[in-house]
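A.B. asks: Use the sequences and the hints to build the structure in full.
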Amino acid sequence: MLHIVNKSATDRGSLESCLAMATKGSAVLLIEDAVYAATNGSAAAAKIQAAAADLKIYALGPDLAARGMAARVLDGVNVVDYAGFVDLVAEHKSCQSWL
Amino acid sequence: MSDMDDMDDGSGIVKKFMFLNRKAPHGTVYALEGLEVVLITAAFDQDVSMVFTDDGVYQLLKGIDTKGIEVKDFSKTYRALDGYDIEKLYVDQASMDARGLTEDDLIVDVTVLSVDEMANLMAEQDVVISF
Numbered sequence: 000m001l002h003i004v005n006k007s008a009t010d011r012g013s014l015e016s017c018l019a020m021a022t023k024g025s026a027v028l029l030i031e032d033a034v035y036a037a038t039n040g041s042a043a044a045a046k047i048q049a050a051a052a053d054l055k056i057y058a059l060g061p062d063l064a065a066r067g068m069a070a071r072v073l074d075g076v077n078v079v080d081y082a083g084f085v086d087l088v089a090e091h092k093s094c095q096s097w098l
Numbered sequence: 000m001s002d003m004d005d006m007d008d009g010s011g012i013v014k015k016f017m018f019l020n021r022k023a024p025h026g027t028v029y030a031l032e033g034l035e036v037v038l039i040t041a042a043f044d045q046d047v048s049m050v051f052t053d054d055g056v057y058q059l060l061k062g063i064d065t066k067g068i069e070v071k072d073f074s075k076t077y078r079a080l081d082g083y084d085i086e087k088l089y090v091d092q093a094s095m096d097a098r099g100l101t102e103d104d105l106i107v108d109v110t111v112l113s114v115d116e117m118a119n120l121m122a123e124q125d126v127v128i129s130f
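Protein chains in written order, with numbering that gives the first Met the number 0: chain A, 0 to 98; chain B, 0 to 130.
Worth flagging that the hints you see were computed from the coordinates, not collected in a lab. Treat the numbers as computed from the prediction; the structure is a model and nothing was measured. Positions of the beta carbon are idealized from the N, C-alpha and C atoms, including for glycine. Treat each hint with caution, since some may be false.
Here are some, though not all, of the chain B residues that point toward chain A, as calculated from beta-carbon distances under 7 Å [unchecked claim]:
| id | residue |
| --- | --- |
| 1 | Ala-23 |
| 2 | His-25 |
| 3 | Gly-26 |
| 4 | Leu-60 |
| 5 | Ile-63 |
| 6 | Thr-65 |
C.D. replies: Below, the structure written as structure tokens:
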């Protein structure tokens, strides 16, 4: 299953809810303001890195660049472009957006 | 002095305005709208302070490149604020720390305040407007 999160983890609880519900082997794609969580020094960095042991964590590159965060991505997070976003949706049987 | 002299049409009154920015720049329209209102307020020669706290500190990051998401990059506008006599820019220390950011990561010179200093600054304002 692919989980998509678009809200900042320091503004909303959607990332936390997502990580609590995502089962082993699932993919989590961070887009829009959710990408801040996948950057060095963020309050959610430790949670993301812990989650990466069981989940595949992705972040959308254009959203990182638009936020000045392209060079601060955490190790273990896979950066994808829009084509990669489409591939992820196509590869997974189902998709949950944590609005 | 007549009663007429006591009446004022509002010109010449300078109030202390604080604009409190708490949102990251592109996920919502708050940051851009807030910036536009600040510029309007400055045109009326008011005493403007801009405060960045919580996710609002992300608005001031260097290295923003919005080409990929096809929205306006308004981050350079922060550097033009002193041309509008808006020189009081404050960021919250705890918000910076929680996001792994330092002053070197920011596109403009700011004054970093503790939460107590920020609280005092807010308390002395005539008007606080939140974005």
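A.B. asks: None of the hints should be skipped; say for each whether it holds.
C.D. replies: Status of the hints after comparison with the structure:
1. Ala-23: holds (5 Å)
2. His-25: holds (5 Å)
3. Gly-26: Check passed: Cβ of Gly-26/B comes within 3 Å of chain A, closer than 7 Å.
4. Leu-60: holds (4 Å)
5. Ile-63: This hint holds: Ile-63/B lies near chain A, its Cβ roughly 4 Å from the closest one there, short of 7 Å.
6. Thr-65: This hint holds: Thr-65/B lies near chain A, its Cβ roughly 4 Å from the closest one there, short of 7 Å.
Of the numbered hints given earlier, the model fails none.
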